[in-house]
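> Residues per chain are reported as follows:
4 protein chains.
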Amino acid sequence: MARTAHGPTTHADERRHALIQAAYQSIARHGLEGLRTREVAAQVGLDHSTLHYYFPTKVALIEAVAEYAVFQGLLVNVPRDHQEGSPAARLHEFLLTLQRNMREEPTHFLVLYELARYTPQEPALRELFQRQPFMTSWHRFLVLLLHEGIEAGEFRADLDPEIGASIFMTFMLGLGTSLFMPVPAGAEQMIEHLERWLRG
Amino acid sequence: MARTAHGPTTHADERRHALIQAAYQSIARHGLEGLRTREVAAQVGLDHSTLHYYFPTKVALIEAVAEYAVFQGLLVNVPRDHQEGSPAARLHEFLLTLQRNMREEPTHFLVLYELARYTPQEPALRELFQRQPFMTSWHRFLVLLLHEGIEAGEFRADLDPEIGASIFMTFMLGLGTSLFMPVPAGAEQMIEHLERWLRG
Amino acid sequence: MARTAHGPTTHADERRHALIQAAYQSIARHGLEGLRTREVAAQVGLDHSTLHYYFPTKVALIEAVAEYAVFQGLLVNVPRDHQEGSPAARLHEFLLTLQRNMREEPTHFLVLYELARYTPQEPALRELFQRQPFMTSWHRFLVLLLHEGIEAGEFRADLDPEIGASIFMTFMLGLGTSLFMPVPAGAEQMIEHLERWLRG
Amino acid sequence: MARTAHGPTTHADERRHALIQAAYQSIARHGLEGLRTREVAAQVGLDHSTLHYYFPTKVALIEAVAEYAVFQGLLVNVPRDHQEGSPAARLHEFLLTLQRNMREEPTHFLVLYELARYTPQEPALRELFQRQPFMTSWHRFLVLLLHEGIEAGEFRADLDPEIGASIFMTFMLGLGTSLFMPVPAGAEQMIEHLERWLRG
DNA sequence: CATGAATGAGAGTTCATTCAT
DNA sequence: GATGAATGAACTCTCATTCAT
Numbered sequence: 001m002a003r004t005a006h007g008p009t010t011h012a013d014e015r016r017h018a019l020i021q022a023a024y025q026s027i028a029r030h031g032l033e034g035l036r037t038r039e040v041a042a043q044v045g046l047d048h049s050t051l052h053y054y055f056p057t058k059v060a061l062i063e064a065v066a067e068y069a070v071f072q073g074l075l076v077n078v079p080r081d082h083q084e085g086s087p088a089a090r091l092h093e094f095l096l097t098l099q100r101n102m103r104e105e106p107t108h109f110l111v112l113y114e115l116a117r118y119t120p121q122e123p124a125l126r127e128l129f130q131r132q133p134f135m136t137s138w139h140r141f142l143v144l145l146l147h148e149g150i151e152a153g154e155f156r157a158d159l160d161p162e163i164g165a166s167i168f169m170t171f172m173l174g175l176g177t178s179l180f181m182p183v184p185a186g187a188e189q190m191i192e193h194l195e196r197w198l199r200g
Numbered sequence: 001m002a003r004t005a006h007g008p009t010t011h012a013d014e015r016r017h018a019l020i021q022a023a024y025q026s027i028a029r030h031g032l033e034g035l036r037t038r039e040v041a042a043q044v045g046l047d048h049s050t051l052h053y054y055f056p057t058k059v060a061l062i063e064a065v066a067e068y069a070v071f072q073g074l075l076v077n078v079p080r081d082h083q084e085g086s087p088a089a090r091l092h093e094f095l096l097t098l099q100r101n102m103r104e105e106p107t108h109f110l111v112l113y114e115l116a117r118y119t120p121q122e123p124a125l126r127e128l129f130q131r132q133p134f135m136t137s138w139h140r141f142l143v144l145l146l147h148e149g150i151e152a153g154e155f156r157a158d159l160d161p162e163i164g165a166s167i168f169m170t171f172m173l174g175l176g177t178s179l180f181m182p183v184p185a186g187a188e189q190m191i192e193h194l195e196r197w198l199r200g
Numbered sequence: 001m002a003r004t005a006h007g008p009t010t011h012a013d014e015r016r017h018a019l020i021q022a023a024y025q026s027i028a029r030h031g032l033e034g035l036r037t038r039e040v041a042a043q044v045g046l047d048h049s050t051l052h053y054y055f056p057t058k059v060a061l062i063e064a065v066a067e068y069a070v071f072q073g074l075l076v077n078v079p080r081d082h083q084e085g086s087p088a089a090r091l092h093e094f095l096l097t098l099q100r101n102m103r104e105e106p107t108h109f110l111v112l113y114e115l116a117r118y119t120p121q122e123p124a125l126r127e128l129f130q131r132q133p134f135m136t137s138w139h140r141f142l143v144l145l146l147h148e149g150i151e152a153g154e155f156r157a158d159l160d161p162e163i164g165a166s167i168f169m170t171f172m173l174g175l176g177t178s179l180f181m182p183v184p185a186g187a188e189q190m191i192e193h194l195e196r197w198l199r200g
Numbered sequence: 001m002a003r004t005a006h007g008p009t010t011h012a013d014e015r016r017h018a019l020i021q022a023a024y025q026s027i028a029r030h031g032l033e034g035l036r037t038r039e040v041a042a043q044v045g046l047d048h049s050t051l052h053y054y055f056p057t058k059v060a061l062i063e064a065v066a067e068y069a070v071f072q073g074l075l076v077n078v079p080r081d082h083q084e085g086s087p088a089a090r091l092h093e094f095l096l097t098l099q100r101n102m103r104e105e106p107t108h109f110l111v112l113y114e115l116a117r118y119t120p121q122e123p124a125l126r127e128l129f130q131r132q133p134f135m136t137s138w139h140r141f142l143v144l145l146l147h148e149g150i151e152a153g154e155f156r157a158d159l160d161p162e163i164g165a166s167i168f169m170t171f172m173l174g175l176g177t178s179l180f181m182p183v184p185a186g187a188e189q190m191i192e193h194l195e196r197w198l199r200g
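Residue numbers (this note's numbering), protein chains in the order written: chain A, 1 to 200; chain B, 1 to 200; chain C, 1 to 200; chain D, 1 to 200.
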């Protein structure tokens, strides 16, 4: 039998994954506190009691969702996909990809935000984010990019890569938020304008 | 007898306000779906049934909270408080004030975000945000500021006020989000850096 | 100071009476178990807590209503009003009056039925109906009427006044019930037809 | 495996039926407004929350009870059971059976009355009674019986079958009411006396 | 007399969880 | 593995009642 890179995909694994996906969507719609196991199970076509076979408790399901969101979510993988071209071009591609993802699949941002939101009160979540510090690695990626761009003369010399990277991250987080608190200008326009500032 | 601008503050008014405040905090902590009337009432020292004396239904309470959040929240009044000084100075003060508010009282941002988040599914919320379009007025304030700054030669000539204003708004929304998904650089640092970009 | 036959009618007495009337209507609409003191008070334009000044408890109010219904209700007084004319004419008038009352003011029948309905479970009600045996006195009135009619040759000779009176009472009770479980024929038609049977 | 006319009686069906029965009794005792789901569930030996497994809402339970009462109740089936013998004999049997049912199982009449009582305010009930017009079919049965009796010379010639049928129906409704507002004469006596009038 | 404010018991309903099958 | 059935805690809301003013 064929094996994928994800290891042995049993029927049970598929079901588990489907449930996580369904919970993912539910959290995006109704928030973490609005999550209902019945709804999740129904979405997969299962009885709600059967869900407990795969996840003994609701918390276990949430943890699985969190794990999935943080390790498979959009923010993690994006940096790896933009390794070619000039620094400016790579930054541009990176920002646009991120923005496109957010707009087309707000779910990702919503769930991540929802999880992060309860971090102060939930040690388990805090620990999870520490185990997968995607914000840090994202930042590192941007710092490197900005650094290279400065050296290549593409970005203004007085740019502080550390702070610049943080600015772009904050701005992108803002783009996620602006899904619901919309600003007048379009995302692409803003990104282009920001990039011009970057050049000097 | 002395009267404040808020008119005669009866016992009932105070109680109502206290309940709104408590609900405000509750929503900030547990989200809109995690709001519990019992908890709100207990916070004010009331039996949960007494809450229904002031707000006939939970939805009525939420509406009052939404009204309060949108009309009294931090984002609305900030522009009015920064009318003096040079455009650059006023912008600086405005951004810093906003940032300080967010850091010291994350509640405001959280509740506003929570309300905005359910806007797609809740017509009542949509109508509320239309009635008080603080994002629009906030944007208008920034556009004017940038425009004046350009004319005064304080900001770079190639700046598009419309887009620039949107960028700053998005960035500030990101600052709110970064309360839970922290970026390495400090908010003040980032703001100063952005302002430098603005100058050219 | 003027005195009515009802004794000193103070402001309090009027209020009490108004509350009883309102409760009367409420019971007719929603049944005894559906009675709400708030609704009664509101009907009279009083705060619901003020009602407790006039009736310390809900049961006290119900008792007052029961007292009123049984002692002032339509069934009690009707016999006294039909003392003139031939037996057949008096019977006719009596039945028609009763029927008209029921149709125009179903409230009376409804409340009486509602009270009687809970007699098996409520000793207080049982005692009340024993104190005012309007059914018995109503029966006595009819027996007398039938007896006179037989002697006068207006009614068939083989009529048993006791049983005949009971039949008419039962039939009239049925007319009350048919307010909600309607029979095809009109009440007047049926009454006339019954009277013909009575004649022979 | 042998099947009854009621089809496969699953555990769930039995439970549902038991709950309907319990609600039936509860309505008879406390009225429609006095119905308590907790009491119904307890009667069947269930937790009150389990009731919602079988009936999603209280209204759904009431509707099931209404359906049962109207379609299975005593008044519906009685006519079918009296098809043999002379018209007079059949009428006699019919009336006596009805009366006996009412006395031995007042529940039926009480629930039916209770449902009919709220018909003016509840469109759903009105629709139900229109769907099963047992009063009409009952009337039709009686009209036919009286008609046959007249032709057979058993009943007086001047009898109007339509009106006569209505009279008997009204009288029987009155018998139901007299369960709580008793008349002196016995039901059998009255029925016999009425029949004598019928003969002429 | 009358009201505003508060309460606690109890109502219907939801929901995560358990268990026998 | 999967389901039907059951539970109990918790939730929103209602209602009669009380008490200070």
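Keep in mind the hints are simulated off the structure, nothing from the lab. The reader is advised that the hints may include incorrect statements.
Remember, identical chains collapse to one label, so a pair may be satisfied in a single copy or spanning two.
[As the list claims (entries may be wrong)] Taking lysine to any residue pairs in the SDA-like style, the calculated list, with each CA pair at most 20 Å apart, reads:
hint: 1; residue 1: K58; residue 2: G186
hint: 2; residue 1: K58; residue 2: T10
hint: 3; residue 1: K58; residue 2: G45
hint: 4; residue 1: K58; residue 2: R100
hint: 5; residue 1: K58; residue 2: I150
hint: 6; residue 1: K58; residue 2: L96
hint: 7; residue 1: K58; residue 2: Q132
hint: 8; residue 1: K58; residue 2: G34
hint: 9; residue 1: K58; residue 2: E104
Computed from a predicted model, the values in this text were never measured in an experiment.
> Now, for every hint given, state plainly whether the structure supports it.
Consistency of the hints with the structure:
1. For the identical chains of this complex, K58 and G186 are neighbours neither inside a copy (39 Å) nor across copies (37 Å), given an alpha-carbon limit of 20 Å.
2. In the homo-oligomer, the alpha carbons of K58 and T10 never lie at most 20 Å apart, since the shortest distance is 22 Å inside one protomer and 32 Å across protomers.
3. With identical chains, the CA atoms of K58 and G45 are at most 20 Å apart within one copy only, with a shortest distance of 18 Å there and 27 Å across copies.
4. Taking identical chains as interchangeable, the C-alpha atoms of K58 and R100 are never at most 20 Å apart, the minima being 32 Å within one chain and 37 Å between chains.
5. When the C-alpha separation of K58 and I150 is checked against a cutoff of 20 Å, the pair qualifies neither within a copy, at 49 Å, nor between copies, at 56 Å.
6. Proximity of K58 to L96 under the C-alpha cut-off of 20 Å is found in neither arrangement, the shortest distances being 36 Å within a copy and 42 Å between copies.
7. In this assembly of identical chains, the alpha carbons of K58 and Q132 never lie at most 20 Å apart, being 22 Å within a copy and 38 Å across copies at closest.
8. When the C-alpha separation of K58 and G34 is checked against a cutoff of 20 Å, the pair qualifies both within a copy, at 12 Å, and between copies, at 15 Å.
9. With identical chains, the CA atoms of K58 and E104 are never at most 20 Å apart, being 28 Å at best within one copy and 33 Å at best between copies.
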